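Fit chain to chain and form the complex, with the hints in mind.
Residue numbers (numbering that gives the first Met the number 0), protein chains in the order written: chain A, 0 to 423; chain B, 0 to 487.
It should be emphasised that the hints constitute simulated quantities derived from the structure, not laboratory data.
Keep in mind that a hint or two might mislead.
[To be verified] Simulated pairs of lysine-lysine, PhoX-like, Cα-Cα distance not exceeding 25 Å:
1) LYS435(B) / LYS176(A)
2) LYS334(A) / LYS435(B)
3) LYS329(A) / LYS435(B)
4) LYS454(B) / LYS470(B)
5) LYS329(A) / LYS470(B)
6) LYS365(B) / LYS176(A)
7) LYS379(B) / LYS363(A)
8) LYS382(B) / LYS339(A)
9) LYS334(A) / LYS470(B)
[Unchecked claim] Derived list of chain A stretches under chain B, where covered just means 3 residues or more per stretch with a C-beta under 8 Å from a C-beta of chain B:
10) 204 to 210
11) 338 to 352
12) 356 to 367
13) 388 to 394
14) 409 to 418
[Said to hold, decoys possible] Simulated restraints on C-beta separations:
15) ASP350(A) / ARG80(B): 56 to 62 Å
16) GLY420(B) / GLY184(A): 29 to 35 Å
17) GLY184(A) / GLU296(B): 38 to 44 Å
18) GLN486(B) / GLU286(A): 44 to 50 Å
19) ALA319(B) / ASP350(A): 30 to 36 Å
20) VAL53(B) / GLU286(A): 18 to 24 Å
21) GLU385(B) / ASP64(A): 37 to 43 Å
22) ASP115(B) / TYR282(A): 33 to 39 Å
23) SER349(A) / GLN486(B): 37 to 43 Å
Since the model is a prediction, treat every value here as computed from it, not as a measurement.
Ideal placement from N, C-alpha and C gives every residue a C-beta, glycine not left out.
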Amino acid sequence: MNKLTRRSAIKMSLKAAAAISAPLFLPSSVLGLRGRVGPNSRITIGLIGHGKIMKGHRSYHLGRDTVEVVALCDVDRRKLDMALTEVKDMTGKTCPTYEYYEELCARSDIDAVVVGTPDHWHAQIAIEAMKNGKDVYVEKPMTLTIEEGKVMRETLHRYGNVLQVGSQQRSNRSFRKAAELVLNGYIGKVRTVSARLGEFPAPTQYPEEPIPAGFNYDRWLGPAPWEPYNLERVKGDYGGGWRSFWDYGSRKNGDWGAHHYDIIQWALGRDESGPVEFVPKGYEDTENQYFVYDDGVKVIRGYGREGAMIHFVGDEGEVMVSRGDQFETKSPSLKNVVLKSSDVRLYESSDHRADWLNAIRTRKQPICNVNIGHRSATICQLSGISERLGRPIRWDPVSEQIVGDSNAAKWMSRPRRAPYGLLG
Amino acid sequence: MKFPLKKQILIAAFAMLSSATLASEYRSELLALTEQFESSDPEVQYTARRGLEVLVAKATAPGVDRGISKINGDLLYCLRRNDVSREAKKYLLRQLALAGTSKVVSQLSRMMFGDDPLLAENARKALESIEGSRASAALRRAFARSDTAARKDLIRSLGKRSDAASIALLGKNLKNADTGIAVAAAHALGRIGGNRAQALLSAQYGNSRDAAVTQAIERTLLASGLGDSSALMELYENGSDVAVRRAALSRLLAQGGAGVLEALRSGLADADSAMRTIAIRAALSSSDAAFRDLVVERSTEMKNADLAVALSALQSIEQARAERMAIRAFDRGDETLMGLALDALANCGSSLSVDLLVSAYGKEHKVLRIKAASAIGRLKSSKMDERLTAMLRSDSNDEVITALELLAHRNIPHAKSMLLGLVAGEDEELVKAALKTLPAIASEADLDRLLEIAKDKQGEPRRWIVAILKKLAPLLGSETLQSQVEQL
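In isolation and in its complexed conformation, chain B is listed as follows (with noise of 0.2 Å):
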């Protein structure tokens, strides 16, 4: 329906003056924080920062009606306006590229050509992060009319945005001469990812002579979801460097199928000891049995470096399998190695391995003996239990102190009542030895037994008693214990 040529010039009056109205909003304030920006004081510089900040938040807040269109025509006519400095056009450029919407392109795509270098990147920085193809477009129409250095940041600024209409531009760059140029469009390709990036990166990395684009486009295929089998295979034969390599083989044996067998043996037997590591993980972690089976067979015959790989990776694989493959690298007797088993044999061992992690904790190596304490702590085996407390019955006194240590690791029934029996006894060696170890695990009902075991001793052992009870009641005991401690 078409209105009288008189009603048509009221309607567009009146959407100006609406628009005027909706943009105008926040025009005073942002007008007086662009004068603060002239300031020499640069506290109050600061402060018209923040206050731009906190303005354009408040804008921008879900809920507020029509904030953001509001606070874009504000910030667009503040940037036009010749008596705004160029330092405050800066920072409100910088709030356009977080709160910029279609509305504003037009300006930026001008302001990106403008004399001032300064002002061109912060609009080109906004046009990047707005929303929309409008700002693709006016990003890629601008590539033309730019200059080299121009043409990367524009390229980022595409890949950044994951343009999809770009790919052919940036395609056709993967070409440039410049290195610097087709390098960033390898990049950008990477981001945006999808069948037909990785067509036309793969397409290229044939044809490529360049070796920094040529790694670029590699790297990029395999940052763009590169899953081609095949394609995969190439990159871990042929890559040009072993990063490229290794993460060829990863993804490869990552995503099964056609190929992997074959990959993983080549992997296993790679000279290049990362690819081994590559090939021991992956296979250990596989969902496929005869992957994991192929490692733990050839386990036997391994390099040590390549069994320590093995071993930190053992979660995935049969739990009494996992138990042999630790208990017969320990046995290899490299320190390294046996640290690591001991590891392993925390999570996986059974009853099978309590002899040698009490046999361990006795050795002389510092950091074996904390790791075999720190495994007798979590070994999942009841035989573990009936171990510590057989040798707390032991008539060995060694025996019983070695199990008095590992109570400070390993919580096992009715140990506590059996230290204090120890503290009770008659062994003045093994009463020294209990309460060494009774401060780490005590608790309150403990330091009332061990107030009655005081009133029944004399001497030395009697000394001792009292000093632990006086070093632990102020820190554990009832107040009326407390006050029974003092007395003693």
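Bound conformation, chain A alone (with noise of 0.2 Å):
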């Protein structure tokens, strides 16, 4: 069998292995476009995870013409009925609905995925597309451990897809100003940062419930421990619910974490290096956790719900910023400044889902890429280590090791539930 010949056999064994159902659209490879999506061509989209944060998606990406939504995923039939539903309603359209992200993956004619799942199942997921030539938009935190990052860099780097993850406030006017005013040293040497990331009610165990119909909860759990279903195990609720449990997020480290954690990197020009010290609230009297830089910013995590979302303290001034616009400079001066042609300028996106879009179509990486998101959700992670450990963790963010702590180093990586091991 010449090689020709044998490649084509492969490509039509894998396509009748693969359950494809019929598409109800021009995918991009009839515009003559195989694999790649030229800059006027539709995007076809997958959505993975239908849960409170994948409604945002929905409706944004049925709401363009150069969107086309082919696809949906969950492990929950009910959500997945809502959501196509939803699709009907908007588009006037059906498209095939899945429990297994695997089937979704392996459909040729999908060029991109959103994955909306907890965090315990954003890795798997983003590397099975990934693996499947998909360009992936996942939600933040990026991974649920260090190890998934690095594995998920890895993969992006093989295979060369876009891959944008979803902490949205890079692309927000305010967020990127006051990290460029602390960047170009407009507040002097920075001192402190202090990040308000609220609080999550405490995890605990809850008696067994039925496992409702319809819903794959074994699936549900992947590669997380098993515990006996409870619908305030599984919920979606910003106030709690699976945010709150160590086995599938890293509770306020990881949900508003990953959002501030990443901005503040920005901002002191370490996106391709993080903190090097992480020590626990409660730890010999320390009365916030927080991290250290190698230079000696010190990141200290506040609790209330007053003050900014992030409070930038330096020599020379002070930068104070929050969602919804809300910016304020000590002097006040400060926030009419213009940057010099000379000042360091921050990529600029005022839509980051659009970005992720546009970057799908030149294949340059979108702003928060898969090295940002590793880098970021590697502080929520060690954050999150420290405190469950409830000692101080040394980092080196250049080999990308816990230093002087080999017990502390096996959280790095956690056990993952047969058959849900982690393939890169």
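So, in structure tokens, the structure goes:
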């Protein structure tokens, strides 16, 4: 059998093996752009994980002429049906639905996927999508463990995908301006930064309840340890639910830390690096959890509801920034600084999802790419590890290793429940 | 030197006693926690889990004298007890995944074949994480005794451990009749990496008739750092799916060497736009000038889609050439390309681009205006400052107003004094335009000047100035200024 015949045979075999439904649209392949999208073609998208956060993605993509939502995936039949109803209402069309993301990712007519599952599934689904040649938008934090982040980074570099992490504050003008002022030294040497994350209720165990019909709970758990089903464990709730459990996320360090630590990294020019020490609350009377960079900049986690979401304090000024374009400075004039052409300008994006779609077309990495997402998520995870162990963690951001604590180093990955191994 | 029997017995007894003492430090606390797992109160159960986690963390902290050894011994003790519940044992095993040493390998090996599948899996996961050859050997030994499903899990565990001693076992299972096992073996070999693993994968790649296994081998060859150019070329030309082909081409171009230029030419001409994308980006970021030149030469004939890719990857090519490419792209008139060209010119533009950028700002298209404004702000050329200064002095109000708008994007020397000069002037259209820009760039000193101007003004212009002062003074002004403004 010559090579060409073997390749064709393998291709046909793979197509037969994958569960592909007939699409009801023109895939980019028909437009002569097999496997990649030209500047003016529609991007075909699959949406995976239809909890609270996916609602915004669905509305956005369903409302765009340049995008076609062609597949939905969730392990909860009820959520899938609700999502499909929305697709039909907004577009007048239907599309295939899947319980297994592998089937969706195997479709050759899908250009990209959005991953909106709980954190513990982010990495594996994103990796599977990338290995199948898809571009990815994955919600923050990018990963649950540091090992996952490294594997995602390697996978992307190997397959050349475009990946955006959903840290959308980078696409907000106020956060960008705050970061540019700090980065360009307009507040002098930065001394401290405080980040307001809020708090979740403490995780606890709940009594077992019957698993609702149509909900594949085993699949929902995936690589996380088996625990008896209870609605409180799985529900999407910005005040708790799965977000409050260590098994599925890094609690507030992941939920809001992924946003604010990311901006802090950006403002301090640390996107290729990170802090060197993490100290948990309560350790030797430490009042608030904090981490420190090698130049002494201290980032303190605030708990209260008062004050700015992020507050940079420097020798020559302060910058306070929150969502809703709340942006203040000390002195007030700093707010109106127009950057000089010699100043460092940060990546400009005014729409996080549009930035991703543009990156798909141009193949340039978007504003919150895999390297940045991994570094920011690493801070979330190391903060969580130090909290769980109740002791400081020292970190080498160059080698990306925990220093001097071999048992803490084991927390860089987690045992994964069979058969949900991490495949890079 | 051989000791008398009595002395040997004494030494052995002392060792056992030491071991028992060594191992008993955490025992009572562990047992107390395990009892709490039997509570029907879920909060008590959770407290027990967290207590277990904290205790093990304490024992394994750096500097704790033989803490790891002690906690291993005590965890093992609790696991062996029949009066410790299944639920508690599950959590003890989870802690051994974090704290376990080779001391516990034998017990965990036995538990892998126990009657309880939940504890068996947790024992395997603990072994997966324990360092040292004993744990690897235990997993390998378990393979022969296991069924198909368990074999896949064991293979994953061996792969995760990057256990080089397992390569032979994994290589053999690449040919397993069960596709799942063969695929798992391929992935595990990929994780282990190295020449031996690659050789086994490459050998089987030519022989496998199972499409899923072939695809797994292709991907793991790439994952294992395959560097052989001819093997990569084979994957690029004949890989089973576009993702593999793309990855192979990307690797080939990145590592250079024999066959790269041929691969580059092939990639640039590929019918698949993804391949052309990889080739374009790889060439433009290459240290080899010939590769960069190849793409720049071809850019004049490129399709818009390919040119869009090129525009996003100009950072590595010589600035003047990048600028010319961006200007030519802009002139094609495609809105997407124009936007990308403006983005590129923000970084690579020179005095050559000044007119284009100012003209682009004047377009009706909102996105292009925004991009042009940003590029104008970033352009590293003093010609832009001269241009905008000239526009501020122009006889054409339209030009002046455009320049005023752009002051919010570009920091020009003396611009604010010119702006305030316009506020002080007689042309009401320009007074209004200048006041529109001022809030975005005003400082406290500017408000002092504005206050002076207001005192000399009458009618509508005075009213406008006062409104701006009343808005800005509380935000930017001193207390003195604020009280003066209140009196206006």
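Now for the hints, and whether the structure bears them out:
no. : hint                              : result
1   : LYS435(B) / LYS176(A)             : holds, 20 Å
2   : LYS334(A) / LYS435(B)             : holds, 17 Å
3   : LYS329(A) / LYS435(B)             : holds, 24 Å
4   : LYS454(B) / LYS470(B)             : holds, 17 Å
5   : LYS329(A) / LYS470(B)             : holds, 18 Å
6   : LYS365(B) / LYS176(A)             : holds, 21 Å
7   : LYS379(B) / LYS363(A)             : holds, 23 Å
8   : LYS382(B) / LYS339(A)             : holds, 14 Å
9   : LYS334(A) / LYS470(B)             : holds, 15 Å
10  : 204 to 210                        : holds (count 3)
11  : 338 to 352                        : holds (count 7)
12  : 356 to 367                        : holds (count 4)
13  : 388 to 394                        : holds (count 3)
14  : 409 to 418                        : holds (count 7)
15  : ASP350(A) / ARG80(B): 56 to 62 Å  : holds, 60 Å
16  : GLY420(B) / GLY184(A): 29 to 35 Å : holds, 30 Å
17  : GLY184(A) / GLU296(B): 38 to 44 Å : holds, 42 Å
18  : GLN486(B) / GLU286(A): 44 to 50 Å : holds, 47 Å
19  : ALA319(B) / ASP350(A): 30 to 36 Å : holds, 32 Å
20  : VAL53(B) / GLU286(A): 18 to 24 Å  : holds, 20 Å
21  : GLU385(B) / ASP64(A): 37 to 43 Å  : holds, 42 Å
22  : ASP115(B) / TYR282(A): 33 to 39 Å : holds, 38 Å
23  : SER349(A) / GLN486(B): 37 to 43 Å : holds, 41 Å
Checked against the numbered hints given earlier, this structure breaks none of them.
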